[in-house]
Amino acid sequence: MSTDRAISFVDAIREATDQEMARDERVLLFGLDVDDPKAILGTTKGLLDRYGKERVFGTPLSEDAMSGAAVGMALAGLRPIHVHIRMDFVMLAMNQLVNMAAKTHYMFGGQESCPLVVRSIIGKSWGQGAQHSQGLYSFFMHVPGLKVVAPSTPYDAKGCLAAAVRDDNPVMFIEHRILYYQRGPVPEASYEVKPGKARIAVPGKDVTIVGISYMQVEAMRAQRYLQEKGVSAEVIDPIWLSPLDVDTIAASAAKTGRLLIVDNGWSTCGASAEILSAVYEKLQDGRLPKARRMAFAPTPCPTTPSLEKLFYPNARTIAAAAYDLVKGSPQGWLPEERAEFNDVEFKGPF
Amino acid sequence: MLAAEMKKGDAALNSKLYRSLYRIRRVEEEIARVYPTDKIKSPVHLSIGQEGVAVGVCEALEPSDVVFGSYRGHAMYLAKGGDVRRMIAELYGKVDGCARGKGGSMHLVDVPQGVMGTSAVVATTIPNAVGYAYAIKLRRERRVVVSFFGDGATEEGVFHESLNFAALKKLPILFVCENNHYAIHTHQRQRQANEDICGRVRTHGLPTERIEQNDVLALHSAAKKSIAALRDGAGPAFIECMTYRWLEHVGPGEDFALGFREREEAASWKAGDPVKALGDKLDGPARAQIDREVEAEIKAAFDFAESSAFPGAEELHRHVYR
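Protein sequence lines, in the order shown, are assigned to chains A and B.
Using my numbering, read the first sequence as starting at 1 and increasing by one per residue.
Using my numbering, read the second sequence as starting at 1 and increasing by one per residue.
None of these hints come from the bench; they were simulated from the model.
For each residue, glycine too, the CB sits at the ideal point set by N, CA and C.
Incorrect hints may appear among the rest.
Beyond 12 Å from chain A on every Cβ pair, some chain B residues (computed) [to be verified]:
1) LYS39
2) ARG86
3) ASN128
4) GLU141
5) GLU195
6) LYS225
7) GLY284
8) ALA286
9) GLU295
10) ILE298
11) GLU315
In silico lysine-lysine, DSS-like type, Cα no more than 25 Å apart, as pairs [to be verified]:
12) B:LYS169 x B:LYS225
13) A:LYS38 x B:LYS169
14) B:LYS224 x B:LYS170
15) A:LYS290 x A:LYS205
16) A:LYS205 x A:LYS282
17) B:LYS16 x B:LYS276
18) A:LYS53 x B:LYS137
19) B:LYS169 x A:LYS45
20) B:LYS225 x A:LYS53
21) B:LYS16 x A:LYS53
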């Protein structure tokens, strides 16, 4: 679907929600502050006026009970969207998501299911600190019965949210706050970006870089840095982490012979571990790539900028790692910072 | 009201309550009898002694009403009209079970009868019931939801979160606390600084009622009143039912030998056994007729479970996603 219209990630989320609520009166939207003047950074703006306070409502500070209520609403035939302005707060809802939502269809012997969307936002920069910055989606990838999606473009944000709302299963919808300020082409008409299909964002031949969530943006910048060195990187956005499109990633890795997975979370038992294992199992016919993972430093996220910048992979460190993979040994190359590549930037304070 | 009802000898009600109580008691006695054969390869949390709570409330419900409960859920399932054949098949792990053998005793469901789930994790279905009630209210239906849970569940944070939201939105839900005094082996007084559960609930703005001594008729009458008010939009209510677990927390035996409670403590509860008390109110032939019908139903249910097949290997991966 092509379009000339460019809108922000925020507007893409709001538009998808609006269109789904207009299309299907069973869709509800709730969570802390969804109806307040800031409207979850604008993503729920105007929806209260349009759909009324029974379908759009702020909740008490009760993540556990409201997640359980969402499961009950889904059992009653509604299609709730539960919003958490910080993914860290979802930890208060683990029992309902892992023990109930994920298992509803199975424990009912197939008679019922739990069509639920849980939106949650990951923070970064400006001193977000240890409890406003975590990308904990691998917890949910671990659990059969849940789906997990982490779109990185406005186009995918809109299409994935529509697909998530229409899905009969619980979907963890992961948003990265830095992506909110990104604009991109988004068709006005409703469409779905369905589960289980990755996208080759930039084709290349020397190295495959998989960037998850916000790390897709850094991977795209790294691809441009690598051009300086004559290295052609193929950049892949997995989009859906569960179900995961292993085929697309494995085919690319087999072609380039080198695989670099850059995660927006920790590496141990994380999304990068799962992707690498799945590719390894798939390519047992002698086409195994050289591989490396980059992820959060194995520490809590520090608040001070001097340490925080070391906590995250960035375009330059990603480019350096990809270059080393291509060359087969450490080259000691780190590209000079190029401001024109920082075209997507989060601006504090807030 | 209670005295008047008893005086009038509401035979129809007594007979209805007795049938449900006796049926649950006998189903669970059969489970306990079969259990040592290991045909039921799943933990069972029996309700023997506590049947009156589920029966007193569920007999006040319509078939289209909905219940959620806990792992000690056999009584609720049966009292709400759950299919006994599919329940026993579920305990046997058979494909004709109510969850195709994938749920077991702790996860009984019967969607057509409004048994919408039970959970092994204490208090977990309380907010599910609240969410269901929200949907009912949103759709302007006159149905109601009942959430059953034990005294231990009132210590979980989600219990209070759920009461608050239900009260805030005036949802058509009745919370029923089945207070059998023990969370596994630990008495309520060892767990709660203040044992006044109703008092705590009232601070959330719900009306409460406490039913003493496993009194099924009093509970039934209170539940009827509450449920009628719920249908008229009165908002949530709470009933605490004082009852007693005769057997061990999990399994078919007694647990007095463990020393955490005395057999004497059970004696007064057993003396007031509602199954016997209500049975004694019935005419001999009427009671015998009910007993015969229930026994035949139970025998048929166990035969059904015995003859049902185990799920095939393909069932392992079915129903993970819809």
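Taking the hints in turn, this is what the structure says about them:
At roughly 20 Å, the least C-beta separation between LYS39 of chain B and chain A is larger than 12 Å, which holds for a residue marked as non-interface. Under the 12 Å C-beta cut-off, the non-interface status given to ARG86 of chain B relative to chain A is violated; the minimum distance is some 10 Å. With a least beta-carbon separation of about 4 Å from chain A, ASN128 of chain B fails to lie farther than 12 Å from that chain, contradicting its non-interface assignment. The non-interface label for GLU141 of chain B is inconsistent with chain A: the shortest C-beta to C-beta separation is roughly 10 Å, within 12 Å.
With a least beta-carbon separation of about 23 Å from chain A, GLU195 of chain B lies farther than 12 Å from that chain, consistent with its non-interface assignment. Under the 12 Å C-beta cut-off, the non-interface status given to LYS225 of chain B relative to chain A holds; the minimum distance is some 25 Å. Interface exclusion of GLY284 of chain B from chain A stands, the closest Cβ pair being 42 Å apart, more than 12 Å. Annotated as non-interface, ALA286 of chain B keeps its C-beta farther than 12 Å from every C-beta of chain A; the closest such distance is 37 Å.
Even its closest Cβ contact with chain A, about 28 Å, leaves GLU295 of chain B beyond 12 Å, as expected for a residue assigned away from the interface. Every beta carbon of chain A lies more than 12 Å from that of ILE298 of chain B, the smallest distance being close to 23 Å; the non-interface claim holds. The Cβ of GLU315 of chain B does not lie farther than 12 Å from every Cβ of chain A; its closest approach is about 9 Å, which violates its non-interface assignment. At roughly 20 Å between alpha-carbon atoms, LYS169 of chain B and LYS225 of chain B fall within 25 Å of each other, so this suggested pair holds.
Only pairs whose Cα atoms come within 25 Å are accepted, and LYS38 of chain A paired with LYS169 of chain B is accepted, the gap being roughly 23 Å. Our distance criterion of 25 Å between C-alpha atoms is met by LYS224 of chain B and LYS170 of chain B, whose separation comes to about 18 Å. Proximity of LYS290 of chain A to LYS205 of chain A is assessed by CA-CA distance (about 14 Å); at most 25 Å being required, the pair is judged to hold. Annotation: proposed proximity of LYS205 of chain A to LYS282 of chain A holds, straight-line Cα distance about 20 Å (limit 25 Å).
A C-alpha spacing of about 14 Å is found between LYS16 of chain B and LYS276 of chain B, which places the hinted pair at or below 25 Å, so the restraint holds. Between LYS53 of chain A and LYS137 of chain B the alpha-carbon distance is near 13 Å, which keeps this suggested pair within the 25 Å criterion. Using a Cα cut-off of 25 Å, the hinted pair LYS169 of chain B and LYS45 of chain A holds, with the two alpha carbons roughly 23 Å apart. The suggested pairing of LYS225 of chain B with LYS53 of chain A is violated, with an alpha-carbon distance near 30 Å, which exceeds 25 Å.
Between LYS16 of chain B and LYS53 of chain A the alpha-carbon distance is near 43 Å, which puts this suggested pair outside the 25 Å criterion.
Taken one by one, the earlier hints fail for this structure at numbers 2, 3, 4, 11, 20 and 21, listed in ascending order.
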